[in-house]
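Line order of the protein sequences matches chains L and E.
Under this note's numbering, the first residue of the first sequence is numbered 1, with each subsequent residue one higher.
Under this note's numbering, the first residue of the second sequence is numbered 1, with each subsequent residue one higher.
It should be emphasised that the hints constitute simulated quantities derived from the structure, not laboratory data.
Idealized CB from N, CA, C, for every residue including glycine.
Errors might be hidden in some of the hints.
Pairs of lysine to any residue residues, derived as SDA-like cross-links and limited to a Cα-Cα distance of at most 20 Å, are as follows [stated by the list, open to error]:
(1) K154/E <-> L162/L
(2) K76/E <-> A31/L
(3) K154/E <-> S35/L
(4) K76/E <-> A34/L
(5) K76/E <-> S35/L
(6) K154/E <-> E32/L
(7) K76/E <-> D29/L
(8) K321/E <-> S358/E
(9) K73/E <-> E32/L
(10) K158/E <-> E32/L
(11) K4/L <-> P106/L
(12) K85/L <-> G189/E
(13) K158/E <-> S35/L
(14) K73/E <-> S27/L
(15) K158/E <-> P142/L
(16) K154/E <-> H151/L
A few chain E residues that face chain L, going by a derived Cβ cut-off under 8 Å, partial list only [as the list claims (entries may be wrong)]:
(17) I43
(18) G52
(19) R55
(20) F57
(21) K73
(22) V99
(23) A151
(24) V357
(25) S358
(26) M370
Residues of chain L placed beyond 10 Å of chain E at every Cβ, according to the derived structure [to be verified]:
(27) T9
(28) F45
(29) R89
(30) R93
(31) G115
Spelled out, the chains give:
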Amino acid sequence: MQFKGYAHTYGRDVDTDVIIPARYLNSSDSAELASHCMVDIDPDFTSRVKPGDIMVAGENFGCGSSREHAPIAIKYAGIDVVIAKSFARIFYRNAINTGLAILESPEAVDGISAGDTVSVNANSGIITNETTGAQYQAQAFPPFIRAIIEHGGLVERTIANLPD
Amino acid sequence: MARPQTIAEKILAAHAGLDEVIPGQLIECDLDLVLANDVTAPIAIREFGRIGVPRVFDPTKVVLVPDHYVPNKDIKSAEQAKIVRDFAHEQGITHYYEVGCMGVEHALLPEQGVVGAGDLVIGADSHTCTYGALGAFATGVGSTDAGVGFATGKAWFKVPESIRFIIDGTLAPGVTGKDIILYLIGLIGVDGALYGAMEITGTAIQSLSMEGRLTISNMAIEAGAKVGIIPVDDVTRAYLQGRTERPWIEYHADPDAVYAQTYHIAAADIPPTVAYPHLPSNTRPVAEARDVRIDQAIIGSCTNGRIEDMRQAAAVFKGHKVHPNVRCIVIPATQLVYRQCIEEGLTAIFLDANCAVSTPTCGPCLGGYMGILAAGEKAVATTNRNFVGRMGDISSEVYLTSPAVAAASAILGHIALPEDI
């Protein structure tokens with residue numbers, strides 16, 4: 001899969017409480033969750049984000065609560081891919097399971113500034129900063145996880161593997 | 001001969017039908033329990049519905065606990081709780097806990113004997129790691145993992161590296177499980193155990209009650225860990241005996257098991273500890289925090305809402321009043337703890353001290369309801385997270401402490417030790 005968009009950049013330890021505050025968790029509607037995405041850390045995010053944009057962050061992205069509402073809010077806000085130095089483990093699972101593309105690349109994170117145009121080949125893991133021309137290679141997913149991603153998520157993989 | 005293994009590796013191997021596993025290996029495991037709450041279950045139920053199987057894999061192994069926004073906070077919360085209730089009834093879920101029977105999930109399940117040593121549990125709630133204190137491998141997941149678990153009874157895992165914490169010696173007076181886990185998180189950081197299985201052991205841990213141990217394992221996620229396991233000993237056996245619904249299995253680490261890292265900590269070095277905003281790793285001794293004036297104190301949650309926590313808070317409140325500038329809200333975590341508080345006279349002490357005492361709920365811990373902070377307000381809380389906006393306005397602040405320190409702070413109006421009173 002190929003993505004291209006503007007970068008929205010954040011620091012380390014972006015927790016799921018700021019991605020989608022708990023006061024909005026009385027709904028599981030994807031569009032409503034998206035309308036509050038990042039509100040406590042970046043109040044203008046939802047008015048600035050364009051479909052196809054890319055989120056870039058430091059270490060331990062998505063730490064804290066297991067709420068799947070976080071990757072859902074990010075995805076439905078228009079973000080196609082999140083690049084981080086590292087991901088908190090529950091967020092990592094949730095992104096893979098729900099089909100939000102994620103890539104780990106500390107070098108790319110250090111080389112991308114807010115507003116840069118970034119293109120990502122999620123299959124090869126090659127990240128290109130179109131603004132600076134620099135290229136980065138993200139870590140590859142193991143085949144087991146790759147299979148979940150290629151099915152489009154864990155539910156789709158589960159359906160494909162159901163006994164007849 | 002299998003390679004020497006840690007507790008986490010042995011439990012995962014047993015549930016994957018393998019003789020051994022190695023860190024980094026991706027495996028599929030059979031689950032003993034799949035848990036969700038009123039925030040995460042509605043999405044899990046939606047995903048379960050998309051799979052298209054008519055029934056859950058085992059109605060005795062799916063656990064649904066409405067606790068985050070119940071008793072219903074508002075109309076939307078009521079709708080969420082109703083989705084869970086309707087699903088539980090339709091599927092014949094045996095472990096569904098209605099208002100009046102429910103409690104904060106991670107206090108409730110150990111108390112009711114739903115989980116035991118050797119179990120493999122996933123829960124759509126990050127503090128599912130609490131059950132590590134019972135010698136179980138229990139970890140938080142998202143709603144999709146839970147929904148697939150409802151259908152198949154299985155989940156995928158990347159076998160974590162194990163990280164060992166050996167805490168030996170005698171704890172200083174007033175130092176609790178909460179102080180130990182805050183100290184550890186302060187030591188290694190909020191991603192210090194990322195993707196890892198913490199194994200927490202040593203004579204200081206063996207000296208703790210099960211309540212203190214559950215508090216420690218509860219916050220393993222705050223160090224980024226997948227699970228925080230405490231080896232089974234006589235305290236565990238005494239707690240599980242006559243309580244668990246199913247037989248439990250003890251797994252012990254092999255003498256030559258491989259740990260990515262081993263920390264040796266002297267118990268006497270751990271002081272009563274407070275985590276400053278806005279990360280649980282931002283710790284310092286309570287003795288250095290007396291200048292922080294507070295507006296609210298919260299005593300409860302899956303971290304510190306058990307009977308021992310209530311007793312520790314009541315011992316401090318006895319004969320004292322909450323400071324006139326402070327609201328103190330006490331939330332026994334389960335119906336049983338609520339009843340014990342009444343029968344032991346703790347509720348009377350709380351009421352005499354001018355505390356508000358609530359029915360069980362996660363409520364304020366996650367900024368849901370029952371004690372939300374206004375702009376600029378500060379709270380001490382026995383809860384587990386102090387992120388930006390966690391308990392209310394984004395300019396409010398949460399300081400994490402033990403129940404005794406929270407009670408002392410409520411009385412004096414600033415962060416304080418019980419001996420300051």
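Hint by hint, here is what the structure shows:
1. K154/E <-> L162/L: Between K154/E and L162/L the Cα gap is close to 12 Å, so the pair holds against 20 Å.
2. K76/E <-> A31/L: Given pair K76/E, A31/L holds - Cα atoms ~15 Å apart, limit 20 Å.
3. K154/E <-> S35/L: violated (33 Å)
4. K76/E <-> A34/L: holds (17 Å)
5. K76/E <-> S35/L: holds (16 Å)
6. K154/E <-> E32/L: Not satisfied, since the Cα-Cα distance of roughly 31 Å exceeds 20 Å.
7. K76/E <-> D29/L: Roughly 11 Å separates the two Cα atoms, so the pair holds.
8. K321/E <-> S358/E: Holds - the C-alpha atoms of S358/E and K321/E are around 18 Å apart, at most 20 Å.
9. K73/E <-> E32/L: holds (18 Å)
10. K158/E <-> E32/L: violated (33 Å)
11. K4/L <-> P106/L: Between K4/L and P106/L the Cα gap is close to 19 Å, so the pair holds against 20 Å.
12. K85/L <-> G189/E: holds (16 Å)
13. K158/E <-> S35/L: With a Cα-Cα distance of about 33 Å, the restraint between K158/E and S35/L is violated, given a limit of 20 Å.
14. K73/E <-> S27/L: holds (12 Å)
15. K158/E <-> P142/L: Holds, at about 10 Å.
16. K154/E <-> H151/L: Satisfied, since the Cα-Cα distance of roughly 18 Å is no more than 20 Å.
17. I43: holds (5 Å)
18. G52: holds (7 Å)
19. R55: Since the shortest Cβ distance to chain L is 13 Å, the answer is violated.
20. F57: violated (12 Å)
21. K73: holds (7 Å)
22. V99: violated (16 Å)
23. A151: holds (7 Å)
24. V357: Violated: closest Cβ of chain L sits about 23 Å from V357/E, beyond 8 Å.
25. S358: This interface hint is violated because 17 Å lies over the 8 Å limit.
26. M370: violated (12 Å)
27. T9: Fine: 17 Å to the nearest Cβ keeps T9/L off the interface.
28. F45: Holds, because the least Cβ-Cβ distance between F45/L and chain E comes to about 14 Å, which exceeds 10 Å.
29. R89: violated (5 Å)
30. R93: With a cut-off of 10 Å, R93/L comes too close to chain E, as the shortest Cβ separation is near 6 Å.
31. G115: Non-interface label on G115/L holds, nearest chain E Cβ at 24 Å vs cutoff 10 Å.
Comparing the model with each earlier hint shows violations of hints 3, 6, 10, 13, 19, 20, 22, 24, 25, 26, 29, 30; every other hint is respected.
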